[in-house]
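From first to last, the protein sequence lines are chains A and B. For the first sequence, the residue numbers in our numbering are 1 to 111. For the second sequence, the residue numbers in our numbering are 1 to 112.
If you're looking for bench data, these hints aren't it; they were derived computationally from the structure. All of these numbers come straight from a predicted model, not from anything done at the bench. Note that beta-carbon positions come from the ideal geometry of N, C-alpha and C, so glycine has one too. There's no promise every hint is true.
[Unchecked claim] To be clear about the criterion: a stretch of chain A counts as covered by chain B if any three or more of its residues have a C-beta under 8 Å from a C-beta of chain B, and this derived list gives those stretches: (1) 12-24; (2) 68-78.
[To be verified] Think about it this way: if two alpha-carbon atoms lie no more than 30 Å apart in a straight line, the pair counts; the simulated BS3-like pairs of lysine-lysine are: (3) 42/A with 13/B; (4) 56/A with 110/A; (5) 110/A with 42/A; (6) 57/B with 67/A; (7) 67/A with 56/A; (8) 67/A with 13/B; (9) 56/A with 42/A; (10) 57/B with 13/B.
[What the hints assert, rightly or not] Sample of chain A residues facing chain B (criterion: CB under 8 Å; computed from the structure): (11) 84; (12) 88; (13) 92.
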Amino acid sequence: QKEVEQNSGPLSVPEGAIASLNCTYSDRGSQSFFWYRQYSGKSPELIMSIYSNGDKEDGRFTAQLNKASQYVSLLIRDSQPSDSATYLCAANNNAGNMLTFGGGTRLMVKP
Amino acid sequence: KAGVTQTPRYLIKTRGQQVTLSCSPISGHRSVSWYQQTPGQGLQFLFEYFSETQRNKGNFPGRFSGRQFSNSRSEMNVSTLELGDSALYLCASRGPGTGELFFGEGSRLTVL
């Protein structure tokens, strides 16, 4: 069973701090990785994708990928209360036609 | 560009009934995936269609089925509903050459 694992949280950070969200995956064949944000009662929204080892930055978000360690992370700088949501990590299968999602990490940003 | 559209948004059924959910992908997207989301199991993959062909199927019983039409619109059907089928059913479309999935707002099914 190919798995993606995340700490369910909640991860609580003060406003303005850096939030660090982590994810591990079991399928060494996975090549593409994604972070989704899901507000309560809403559907997942894609915020970052990463395909190669290293860092990828987009505004306040930085995704990090380490394929050797099978580890993906998402850093949110200058966290805002509006960032409070569940963050889902996902990995693609070899054929590229299925995403496996982790259980999500609930982030709470306190004003 | 319009996003992924799912209908109906909310529905209530009783055990033993069947339900059909509809999904219109983003214009130009030919791949449509369906996921079930529950508090206990999270997001679980149901199936993926591309050009009217099912390319992948998750570990769900045969009561769950789907199809895709020539215009890329997709439907999923659940027959003989059980209480445990109560969930948010999410449809997502994928553009060419990318693994990124874009989700619709979902269809929330309650089985009584």
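Here's how the hints hold up against the structure:
no., hint, in the structure
1, 12-24, "violated (count 0)"
2, 68-78, "violated (count 0)"
3, 42/A with 13/B, "holds, 21 Å"
4, 56/A with 110/A, "holds, 26 Å"
5, 110/A with 42/A, "holds, 21 Å"
6, 57/B with 67/A, "holds, 26 Å"
7, 67/A with 56/A, "holds, 14 Å"
8, 67/A with 13/B, "violated, 44 Å"
9, 56/A with 42/A, "holds, 26 Å"
10, 57/B with 13/B, "holds, 25 Å"
11, 84, "violated, 18 Å"
12, 88, "holds, 7 Å"
13, 92, "holds, 5 Å"
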